[in-house]
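Colleague: Here is how the chains run, residue by residue.
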Amino acid sequence: MSSDFLGFSEVATADCRTSESDRNRARSFQTGTTDDPKRDRFFKTPEKRVFGSDVSAPWLPLKVEDQLGALGREASVPNWDGERGLPVDASAWEDARALLRVLPPAILNGPDLYLSVSGDGTAHVTLYRGGQGRATVEVGRGRYLWTWVRGGDEDDVEELANLTAAKVRLAGFAKA
Amino acid sequence: MLERVAAGEVLIRLVARNAFIADRAFGERVLPAALQTSDFMRSDQSYGASVYIESRLPDDVNLTSELGKPTHLVAKVSVADLEALGVVVCFSPEDCDKPSLKAAHASLIGVTAQNRAKILRLIDAALP
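Chains C and B supply the protein sequences, listed in that same order.
If you use the numbering used here, the first sequence closes out at 176, no skipped numbers anywhere.
If you use the numbering used here, the second sequence closes out at 1128, no skipped numbers anywhere.
Next comes chain B alone, as it looks inside the complex (with noise of 0.2 Å):
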């Protein structure tokens, strides 16, 4: 049984660097390649696109260094709002092959072709 992140948290979704299109209007700058749908990924190691709860990092943490993805964006989105769309957000450290970022990873479960747009228009509003 996967545990449930809280509503109240915030999780961190990273963006391919080449997967965001600054100059496009807001909205449209993240593409659909950005983030996978759970269609047909979920497996008994995978349950969805990875996320990492902000609340749960080690301190001092540079997330995109640790992940050794140093260009990749930051996205800031609340689970509530996640959560508004159809998404359940849960722990899923077994998903995770860093040790020191386990206790934060968490999978985006019910990502879907008809929802992730809107959860795009989310990630691209945390963007700058």
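The shape of chain C in the complex, shown without the other chains (with noise of 0.2 Å):
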């Protein structure tokens, strides 16, 4: 295994980078493939692997870089919104932004995805879509938590395991 090959792998685990050469780092990997099924299974982004297709978007919009940002900057401090809020950390963000790409560009250029912060210390992307009401999954503090408002007054919540696991949940809901 070569070293390139260990670097394109580190661009797929990261989260989204900012600058153009690294989008077109994480481009070019996302797009390549190899003869070699095991080399290929490593060259997967990791959405593909999860989801068999490659659902992500090659790069976040800038409108949603610059809404991160000034979340984070928002949040990035005890008592950020008045009550005694927790700030929200990094490894919070690595983990909504790991969220974003699942979701396909319409979605992510669209005016259906939201994305907030709680006085909890959780980042929240939030989606809505039509009939199937609306879903947050919630990061931070080690936690992952899937909220689904499906209109009436019906509630599903749950607290799932992983980063995985909240992909998987959030995609399936951006494909409802």
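Zero decoy hints are in this set.
In silico DSS-like links for lysine-lysine, alpha-carbon gap of 27 Å or less:
| hint | chain 1 | residue 1 | chain 2 | residue 2 |
| --- | --- | --- | --- | --- |
| 1 | B | LYS1076 | B | LYS1102 |
| 2 | B | LYS1076 | B | LYS1118 |
| 3 | B | LYS1102 | B | LYS1069 |
| 4 | C | LYS63 | C | LYS175 |
| 5 | C | LYS63 | B | LYS1069 |
| 6 | B | LYS1118 | C | LYS175 |
Label pairs and their computed distance ranges (CB to CB):
| hint | chain 1 | residue 1 | chain 2 | residue 2 | range |
| --- | --- | --- | --- | --- | --- |
| 7 | C | ALA165 | B | ALA1022 | 29 to 39 Å |
| 8 | B | GLY1086 | C | ARG73 | 33 to 43 Å |
| 9 | B | LEU1085 | C | PRO61 | 32 to 42 Å |
Coverage of chain C stretches by chain B, computed from C-beta distances (three or more under 8 Å per stretch; other residues unrestricted):
| hint | segment |
| --- | --- |
| 10 | 82 to 88 |
| 11 | 105 to 119 |
| 12 | 127 to 141 |
| 13 | 144 to 150 |
| 14 | 155 to 163 |
No wet-lab data here; the hints were simulated from the structure.
The model shown is predicted, which means the values in this text are computed figures rather than measured ones.
Quick reminder that beta carbons are idealized off the backbone N, C-alpha and C, glycines included.
Join the two chains, each given in its own frame, into one complex according to the hints.
Modeller: This is the structure:
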């Protein structure tokens, strides 16, 4: 296994990069394939390995990057909300970016996606899907919480085991 | 020992403008981020989400201005309605940094991931 290969692997598991060179590396990685199934397994994005197809955006739209940056700054210090709110730490933002990567570009660029932060130190990715209602994944403090408000008085709340489970749930909702 | 707020009282919860999506369906307009859970928030300094008991506010006070949150929305909710969802509302003046509002300050204890969506519906219904 070459060091270049390891370099690509690192890009695949890291959060979305903001520089153009990093984005190009990530994009070239995502579209790369080989004839070797074992090697190809590593060449695929995590999304491709999990979902069977690459549903991730090659990069985050600038407006989403901007919003992540603004929220990150806002919630970076204790009591950021005036209610003794806990800061949202870097790992939560990494997880939030990883979640966004499972969403297709039409959603990332559309009006149905909302990013927010809570006083309990979590970052939220919320998606509205017409008749399906609204789903939110909360990440932070080692927690992955799924909340689906289905209209009426029906809710589906579940503590998910890990980030992969959260990505699967969000990607499924996005396809609904 | 915290003093419990009477069920007959009305409380005010402020909702950040960016946590309220006005053009969505009723019941789905307030984002979960508008209300932190108590799951890992409780500490010596903070019991839970801050609210203000309407009857204890100083006369003629503008709550949003007083708190420096002029764009926040004001939702008035019955304490009894929250208690029905398993939330206990207790006075918590020590949680409030504004001397003028300490007497009215209270905390929502028992907001969990499981009951939060229902609480948010109450708050949603109280918004225009």
